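Visitor: Chains as they are written, first to last, in full-length UniProt numbering: chain A, 1 to 198; chain B, 1 to 198.
What the hints contain is simulated information worked out from the structure, not anything from laboratory work.
It cannot be assumed that every hint is accurate.
As the list makes no split between identical chains, a pair holds if one copy fits it or if it spans any two.
Said to hold, decoys possible - With a cut-off of at most 30 angstroms between alpha-carbon atoms, the simulated BS3-like pairs for lysine-lysine come out as follows:
no.: 1; residue 1: K147; residue 2: K124
no.: 2; residue 1: K48; residue 2: K2
no.: 3; residue 1: K89; residue 2: K147
no.: 4; residue 1: K48; residue 2: K155
no.: 5; residue 1: K89; residue 2: K48
no.: 6; residue 1: K89; residue 2: K77
no.: 7; residue 1: K147; residue 2: K95
no.: 8; residue 1: K77; residue 2: K171
no.: 9; residue 1: K2; residue 2: K124
Here the structure is a predicted model, which is why all the values come from computation and not from measurement.
There are 2 protein chains.
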Amino acid sequence: MKVSVLFSGGKDSALAAILLEPLFEVELVTCTFSLLSNGSIGSEAAEKLEMRHRIVCLENSILDDAYQIIVQDGFPKNALNYIHLSALKTLAEEKNTKFIADGVRRDDRVPRLNNSQIRSLEDKYSISYISPLGGYGRSAVNALVDKHLLIHEDKSENLAKADYEAELREKIACEIGGDAVKELFPPHVQSRIIERIK
Amino acid sequence: MKVSVLFSGGKDSALAAILLEPLFEVELVTCTFSLLSNGSIGSEAAEKLEMRHRIVCLENSILDDAYQIIVQDGFPKNALNYIHLSALKTLAEEKNTKFIADGVRRDDRVPRLNNSQIRSLEDKYSISYISPLGGYGRSAVNALVDKHLLIHEDKSENLAKADYEAELREKIACEIGGDAVKELFPPHVQSRIIERIK
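Model the full assembly from the supplied sequences, consistent with the hints where possible.
Guide: Okay, structure coming up:
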């Protein structure tokens with residue numbers, strides 16, 4: 001059974017893939033709007049996990065819509081959730097897809113699908129959506145990450161990572177400047193994997 | 001890292017244990033009020049999984065309280081959730097426990113802990129609570145069960161299974177008769193594992 005796992009090169013999506021590996025044929029997928037080098041960052045991180053990887057280019061209209069949402073809202077939650085759901089839909093509508101997965105944890109608020117979005121995604125595309133970390137809290141995730149991954153953590157603006165946030169930040173910086181990015185995104189720490197511990 | 005997994009001998013707790021097995025030292029735990037032969041049913045099922053197993057006797061006051069709750073409510077949800085949380089607390093307060101787990105799925109409504117119960121359980125006992133199937137829906141669980149387990153499914157009243165529901169039904173039958181059991185529990189299908197497919 002093949003599963004396509006949305007992969008940012010961060011610890012959560014890496015750990016999700018490690019949890020799935022014994023039971024599925026795992027394929028990591030980095031989605032990108034080709035605005036930054038997300039594809040190659042994802043590809044390098046996937047090599048460190050020794051897992052199959054491919055890059056999927058998302059339609060630019062998704063980033064345009066997300067930009068409109070974040071500028072209107074004044075905060076990133078809905079825009080990031082919109083990109084996340086759009087990326088899952090893009091995978092779900094590919095031929096022969098049966099299982100798609102992501103790195104969403106039990107306590108995550110962004111990105112997160114609500115119950116009706118999950119039901120709609122699974123029913124419309126006849127796929128199963130899995131969040132391997134959906135029943136894991138922060139302490140369990142950290143314990144497993146410590147055991148299986150060497151990671152680098154830093155503030156999101158300092159870290160090259162293959163996630164939508166980086167490209168949405170870049171889009172905002174291009175459109176209305178770097179100050180707007182600081183206003184719209186609260187500072188937070190992100191991670192990138194350096195090595196898999198075996 | 002050792003994890004204690006609440007184990008009823010049904011497909012969900014068995015699959016939860018299978019998911020944890022590559023990453024943890026798994027110990028299956030069947031909790032019982034010693035009213036039925038739950039302990040030995042759990043033990044036999046654990047042998048089929050080739051996993052370590054032990055039986056924990058829960059305090060009878062928990063069953064008494066659950067009985068009061070279901071009779072007052074007229075439906076089983078709160079009573080079963082109460083026993084489930086009590087069983088998790090019993091494991092959590094054991095010495096040297098770091099990780100406890102169960103077979104709760106994404107779509108389960110009973111048993112299920114709410115967010116504040118999870119936070120309280122983890123903080124009070126300094127443990128991590130994991131639901132390995134918390135991010136898996138019905139279709140993904142069924143696909144994995146088909147691949148890894150031979151199971152027998154039947155209506156709950158016909159199936160000998162090492163879960164709290166069986167003992168709560170027995171308690172009600174003893175106290176106020178079998179008709180009350182039928183009134184209080186809606187008919188539903190449960191599972192018991194026959195064999196692990198390797």
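Visitor: May I ask which of the numbered hints given earlier this structure violates, with the numbers listed in increasing order?
Guide: When the structure is compared with the hints, none of them turns out to be violated.
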